[in-house]
Amino acid sequence: AQKVTQAQTEISVVEKEDVTLDCVYETRDTTYYLFWYKQPPSGELVFLIRRNSFDEQNEISGRYSWNFQKSTSSFNFTITASQVVDSAVYFCALRRTGRRALTFGSGTRLQVQP
Amino acid sequence: NAGVTQTPKFRVLKTGQSMTLLCAQDMNHEYMYWYRQDPGMGLRLIHYSVGEGTTAKGEVPDGYNVSRLKKQNFLLGLESAAPSQTSVYFCASSYSSPGRAYEQYFGPGTRLTVT
Chain A
14 AQKVTQAQTE ISVVEKEDVT LDCVYETRDT TYYLFWYKQP PSGELVFLIR
64 RNSFDEQNEI SGRYSWNFQK STSSFNFTIT ASQVVDSAVY FCALRRTGRR
114 ALTFGSGTRL QVQP
Chain B
26 NAGVTQTPKF RVLKTGQSMT LLCAQDMNHE YMYWYRQDPG MGLRLIHYSV
76 GEGTTAKGEV PDGYNVSRLK KQNFLLGLES AAPSQTSVYF CASSYSSPGR
126 AYEQYFGPGT RLTVT
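Going down the list, the sequences are from chains A and B. If you read the first sequence in our numbering, its first letter stands for residue 14, the second for the next number, and so on. If you read the second sequence in our numbering, its first letter stands for residue 26, the second for the next number, and so on.
Please keep in mind that the hints were generated in silico from the structure rather than gathered at the bench. Honestly, I wouldn't trust all of these hints.
As the list claims (entries may be wrong) - Pairs of lysine-lysine, DSSO-like flavour, derived with a Cα cap of 30 Å:
no., chain 1, residue 1, chain 2, residue 2
1, A, K83, A, K16
2, B, K34, A, K51
3, B, K96, A, K51
4, B, K82, B, K34
5, B, K82, A, K51
6, B, K96, B, K82
7, A, K16, B, K82
8, A, K16, A, K51
9, B, K82, B, K95
10, B, K39, B, K82
11, B, K34, B, K95
12, A, K29, A, K51
Computed from a predicted structure; not experimentally measured.
Extracted from the complex, chain A is given alone in its bound form (with noise of 0.2 Å):
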């Protein structure tokens, strides 16, 4: 079975600080792929990273930046200097290669105050 944990249900910042959103995921498969969506207060979900199991470097975003570490099965996600159009849901989801579902965790909310 495969898992994913977002353990912060909600993150409360104000603008300029940095955030990071946890997720935390268990899977058998030597191979898969995590995501991070975002979904603002308008409803829709948008794509922001994907990154397969073989590929542990880092990525930088202009303000966004993942940290996937295989040792700890973690795959976090920080926000640089934050604004108020960061505030979103954020969900982080796992694919097993060769399958068809993404294993959705149950997000976070992040609200950024001005």
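Given the structure of chain A, go ahead and fit chain B onto it with the hints provided.
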């Protein structure tokens, strides 16, 4: 390029009524999916399709049926709606390639309430 679109955006049904949700994508994706999102539970896969004319069950298929008669469309049907099917329904699509998982692109969602 509209991406993934869903019809309708909102719907209220009475218990026992039926309805069909329509999903359309213009990205020529092979794979299409239907998820439901419930508070505090993330998204769960209902059914999916790996190509025209093929469908398969996901994690929570009971009470739903699907059809994929055309590559660009994926329909989700509720034959006899129940209050437990009150949820937000998302359609998604993705490319396919052996041994590789592409990201899924999601539609805007349909909010369904069953009274």
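Each hint tested on the structure:
Proposed proximity of K83/A and K16/A is supported: the alpha carbons are some 15 Å apart, at most 30 Å. With a C-alpha separation of about 20 Å, the suggested pair K34/B and K51/A falls inside the 30 Å cut-off, and the hint holds. A hinted pair counts as satisfied when its Cα atoms are at most 30 Å apart, and K96/B with K51/A qualifies at roughly 27 Å. At roughly 24 Å between alpha-carbon atoms, K82/B and K34/B fall within 30 Å of each other, so this suggested pair holds.
Our distance criterion of 30 Å between C-alpha atoms is met by K82/B and K51/A, whose separation comes to about 26 Å. For the proposed pair K96/B and K82/B, the alpha carbon gap of about 18 Å is at most 30 Å, so the pair holds. Restraint check: the Cα-Cα separation between K16/A and K82/B comes to about 19 Å, which is no more than 30 Å; the hinted pair holds. Straight-line distance between C-alpha atoms of K16/A and K51/A comes to about 19 Å, which keeps the hinted pair within the 30 Å bound.
Of the supplied pair hints, the one linking K82/B and K95/B holds, its CA atoms being roughly 18 Å apart against a limit of 30 Å. As the CA atoms of K39/B and K82/B are separated by approximately 25 Å, the hinted pair is consistent with the 30 Å bound. The suggested pairing of K34/B with K95/B holds, with an alpha-carbon distance near 21 Å, which does not exceed 30 Å. Annotation: proposed proximity of K29/A to K51/A holds, straight-line Cα distance about 19 Å (limit 30 Å).
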